[in-house]
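Trainee: Two chains, two separate frames, one set of hints: put the complex together.
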Amino acid sequence: MKYFNIHRVCALIFFVLGVYVAVESLSFPATKLDPVGAGIYPRLLGLSTAALSAMLFVLSGKEDFKPGERHVQALLLFCVEILLYVCFLETVGFIPCTFAFLLLTTLYFRTQALLWCLFYSAGMTAFFWLFFRSFLGVLLPEVPIDF
Amino acid sequence: MLHNFLNGLSTALSPISIIYVAAGVLWGIIGGAIPGISGSVAMALLLPLTYGMEPLLALPLLCAVYVGAEYGGSIPAVLIKTPGTGSNAPTAIDGYEMQLQGRGGEALFTSLYSSFVGGVVSVILLVIFAVPLASFGLKFGPSQYMLVGILGLSIVGSVSGKSQLKGLISALFGLILATVGMDPISAAPRFTFGQYKLIEGFNLIPLIVGLFAVSEVFRQIFTGEITRKIAEKAKIKFPAVREIFSITPISILCGMIGTVVGVLPGAGASIASWLCYSQAKNFCKNTETFGSGDIRGVAAPEAGNNAVPAGALVPLLALGVPGSNSTAILLAGFSLQGIAPGPLLFTQHPEVPYTIMACMLVAQFVMLALGTLIIRPAVKITSVDKSFLSAAVIMFAAIGSFSINNDAFGIILAFIFGLVGFFMKRYGFAPAATVLGFVLGELIENNLRRSLALSKGAFAIFIQGTLNQTLLVLIVLSFCLPLAANWLKKRRSA
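From first to last, the protein sequence lines stand for chains A and B.
Take my numbering: the last position of the first sequence gets the number 147, and nothing is skipped along the way.
Take my numbering: the last position of the second sequence gets the number 641, and nothing is skipped along the way.
A hint or two may mislead.
[Said to hold, decoys possible] To be clear about the criterion: a stretch of chain B counts as covered by chain A if any three or more of its residues have a C-beta under 8 angstroms from a C-beta of chain A, and this derived list gives those stretches: (1) 326–336; (2) 539–546; (3) 554–562; (4) 585–596.
[To be verified] Simulated restraints, written as ranges between beta carbons of each label pair: (5) B/Ile528 to A/Phe88: 24 to 30 angstroms; (6) B/Gly249 to A/Phe88: 34 to 40 angstroms; (7) B/Asp554 to A/Ser27: 27 to 33 angstroms; (8) A/Arg70 to B/Ile271: 51 to 57 angstroms; (9) B/Pro279 to A/Glu142: 51 to 57 angstroms; (10) A/Val58 to B/Ile563: 26 to 32 angstroms.
[To be verified] Residues from chain A that face chain B, not an exhaustive set, calculated with beta carbons under 8 angstroms: (11) Phe14; (12) Phe28; (13) Ser53; (14) Leu59; (15) Val86; (16) Leu102.
Quick caveat, the hints were computed from the structure, so don't treat them as lab data.
The C-beta atom is built at its ideal place from N, Cα and C for all residues, glycine as well.
Next comes chain B alone, as it looks inside the complex (with noise of 0.2 angstroms):
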């Protein structure tokens, strides 16, 4: 295994190997900071040019883009609270409260290097086990993925604000909406009002861009901010060493979170990040700075939704199956390579997935590099005139909606939305709260009733078997923990 990634490794670091390896990374930040596009999508883009390229180019080429995407999102995150996929919402809570701080250098940096380490710890999980985690994986059936989607949900208390309740019905709110459109198992239309294109559901696209961005701008014309003059040039500030530090240990740890989500078919990068986010949220101490511009709310998000690519070539290159849209799409790259992966690619082929590994490994110090160098313009984004820049954001937000099914119901979906997540917001509730449900809606409804459907309606089935209690364990903890904190705190205090 090691003699293989070694070889890998003298592969992926050839000037050739580099220059495509670079291009993929920059070429997925592009794609995955513009709401819309995302990485699946850049991949796509790219994946004709790969035929007739060499397979030790081609596949590492689009790996590039899915590592480059999946940090990419998180620039709009912070800059103008717009997250270019679903993935980054949770950075934007804490990220864009750090630029509205001045603070937005710190916050990129910190999405940087936790992505790397993120990305990092992956890569070597995925060399050590890709094929026990592969196996692992399988072991997940749909009382597992229900209950990992109710994991997820336990951050709701986090993203709440000051009112636990008004986030435990915002987070209801958006369940609700994750189930317009055809019922996945029976096909019956729920809640469409006779509307064909309401018949595929709404798309996370315009609902992430209108409760967060539109929203804002909302906010800002509303409040009159829009016209106050910028009183000075952001400043570029990097985060200290010793905060570098601090957020290492829990970049490792969401890195190792991401992976695991990443082996999960279907449950993706959105999952692994709110996941990361909440785990933070729990196991740190002094977290009530978290939603106001703590550091470790964009550490965590970044590392866990960075480790899910190298988590998700765990099934593909193990097992030929894909688990998310990039993984499909990679899948299509194998096959335009006459390559197909599976079990028997580790043995009859092992440069190709050692090379993969090794290149994969070379991304994330290539996206450290350039990420590095895209910071320092990229804050000066903040500096524009607020009408300038909320006029552009608009027009992102529109053109992202847009060009999901190319016509103009996109924009009225996330003008609609913005109008919902500026009340939302301007009342107490918590528009990251409804984002979250509507990202864990389909994952949650689909496993309860696929899980009830095998067990013939018994509830018994999500107690029964070892991971089904440790997961079990986990949702209490999750749900528990804040609230004997808070207690002991009040308790304290008192």
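Excised from the complex, chain A in its bound form (with noise of 0.2 angstroms):
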């Protein structure tokens, strides 16, 4: 039996959190308008939330974990291909960010051919832009004119 499993390490997270959140609420200023106070509420869940965690952290000793199939590297490209996105959204504009996230993914994961590929990111773009920017008014970032 591992000391550290991977529950005990999220039980360990949990209680640091709650702790920190116990902590920060004592300096939450109280009011004469409000005799309860800014930091009684927080204090209680951060209390709570560290006392829960200290059971789990003990309780989880014998759990056994299985991990079974992982696509680690997929997974952290995919979350660089989002921060990108977000990234660029605002300084490049919505349309081409949109065009090369849905191709990227859906090139990425190829399950289809590359010319499906295309035709579905051009035509999802171009859904999304009409709908939302044209028809529902959200202010999706425009390309910049002196880009």
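Mentor: Printed below as a string of structure tokens:
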């Protein structure tokens, strides 16, 4: 039995969160209008979380965790792709970013032909733009004119 | 009363009125189905168009949008685990599991049928009890609201999965997330790390789409499910007549609960749907299948949240008090028509409230017809290649989160909550319990503090009065009944 199995790591993370919330809540001010104060409720939540996490830490010693099939690289690349999308969305604009995101995603997982991926990416980008920007008036970032 | 309602019904059944109601329901379904748009935004987008319309067409149109939106949110919740509105989050738990089992059509029809039943029940209650219900709603003070919030939390056990302890921690995590931002009473910033974008706290949409939809896409990528070929086209199967009959009593009961919750200003459809899910879990037999594709887990929240629009009309029509964003927009609609809702409305312009009620009833039938037509093409979405569908889900989540404040911060939040939800689910925690905690957090904290401020710090306020004592009994029953049932089951099997 490993002392630090994944359940215990999770319990520790929540324990630290609970303690942080409880300690941080001590700095919240109370006013004359509000005798209860802004800190009591989060402190109660923090302490409860810490107590339950400690219980989880103690009780989860014998639990097994079966990881199963894992595609860590694919998930990491997808996360990077989302981060790049967020970084460039407001500077490059919605249409090129969305087209690139959809094309890269469908090409990476490549279950259909290239032409289909291109057609899908262009079609969906046009649909999103027309529906959300033109029809619903969501202020999606435009392509900068001086780009 | 009946005479006025029948007069209203004759107006509501005119062809022009049915066309307006149908247009409103359809627009509501579309608005509700898109995360970030929601019923209130769909109503707000339509509001300027009602200027210059006849009051007896404009106001039912807005009400029909409200009705359609509550149902519309369940479609993406079932198909792609992306609840269109906060109130459809509990539907995603069993609805999405049913879809994964190839029972997407069944789940969608259940959602539609129970929404219809819940809606009809609520309109009937609205017609009969509008004025007494309004005065009952006014009896709810901060301590009662807090107890209603705690009652809603009793569901944690049923969304926890294998570990109740992890479910409780997940719910506490949601309650903690709800405290981020400006303190509602003293305006002190809490857990904002100096970020002005966190001053208003987390918005529900990035949190829900992150914990439910984005995390599901991450899971599919991580397990390699995204690249697996779909073996066969999705078959559209509707529930058997026996199943429809079996969910009817639950839908009627949840329709009643939803109506009462709708009457309470500030409570809203999200609380109604979680409350109904928890009560269905507590009071039904053989509840071990809840959370793994149980038809009753779809019926209960949908009946509850679709009963809220009619319930929410009670304080608006009878007292002129809007209890939610949607009813506030409806109040604006009344203002545009030069009509003041309130007690005098029923005596001076009885045709207005009773025509609205009749149109709400017609809207339920229109929703049933339109929804049945939508199910077949909607289920086909699940036959689309998974990589294509997942990319589209991420884009819907991103645009929905972006549209909250028109900046990319919402997308970042959805992405972070997606990762959090992915890890939580992988290691046996319950993202649904986190959403529940988040939804109820504000209600519980605000009313806890208001109650204690009123009682000068005395906790006795929570046990005073018949209403509080009834709610406390319900809370104790809600927490203890499942435990007692488990204990009895273990003892019998032993």
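Trainee: Range hint 51 to 57 angstroms: satisfied by the CB atoms of A/Arg70 and B/Ile271?
Mentor: Once the Cβ atoms are compared, 53 angstroms apart, the range 51 to 57 angstroms for B/Ile271 and A/Arg70 holds.
Trainee: Looking only at beta-carbon atoms, does the pair B/Ile528, A/Phe88 fall within the given range of 24 to 30 angstroms?
Mentor: About 28 angstroms separates the Cβ atoms of B/Ile528 and A/Phe88, which means 24 to 30 angstroms holds.
Trainee: Do B/Asp554 and A/Ser27 keep their Cβ atoms within the hinted range of 27 to 33 angstroms?
Mentor: holds (29 angstroms)
Trainee: Minimum Cβ distance from A/Val86 to chain B below 8 angstroms?
Mentor: holds (5 angstroms)
Trainee: Report holds or violated for chain A covering the stretch 326–336 of chain B, Cβ cut-off 8 angstroms, minimum 3 residues.
Mentor: The restraint on the stretch 326–336 of chain B holds, since 5 of its residues have a Cβ under 8 angstroms from chain A and three suffice.
Trainee: Per the coverage rule (Cβ-Cβ under 8 angstroms, at least three residues), is the stretch 539–546 of chain B covered by chain A?
Mentor: holds (count 5)
Trainee: Have a go at the A/Phe28 hint: is there a Cβ in chain B nearer than 8 angstroms to its own Cβ?
Mentor: holds (5 angstroms)
Trainee: Go through the hint on A/Leu59 and say holds or violated, using the shortest Cβ distance to chain B against 8 angstroms.
Mentor: holds (7 angstroms)
Trainee: Examine the stretch 585–596 of chain B: at least three residues should have C-beta closer than 8 angstroms to a C-beta of chain A.
Mentor: Contact hint for the stretch 585–596 of chain B vs chain A: holds, 3 residues under 8 angstroms.
Trainee: Tell me whether the statement that chain A covers the stretch 554–562 of chain B is true, taking a Cβ distance below 8 angstroms and needing three residues at minimum.
Mentor: holds (count 5)
Trainee: Under 8 angstroms, Cβ to Cβ, is where A/Phe14 needs to be relative to chain B, so tell me if that hint holds or is violated.
Mentor: holds (5 angstroms)
Trainee: Hint check: is the beta carbon of A/Ser53 less than 8 angstroms from a beta carbon of chain B?
Mentor: With a closest approach of 6 angstroms, the A/Ser53 hint holds.
Checked against the numbered hints given earlier, this structure breaks none of them.
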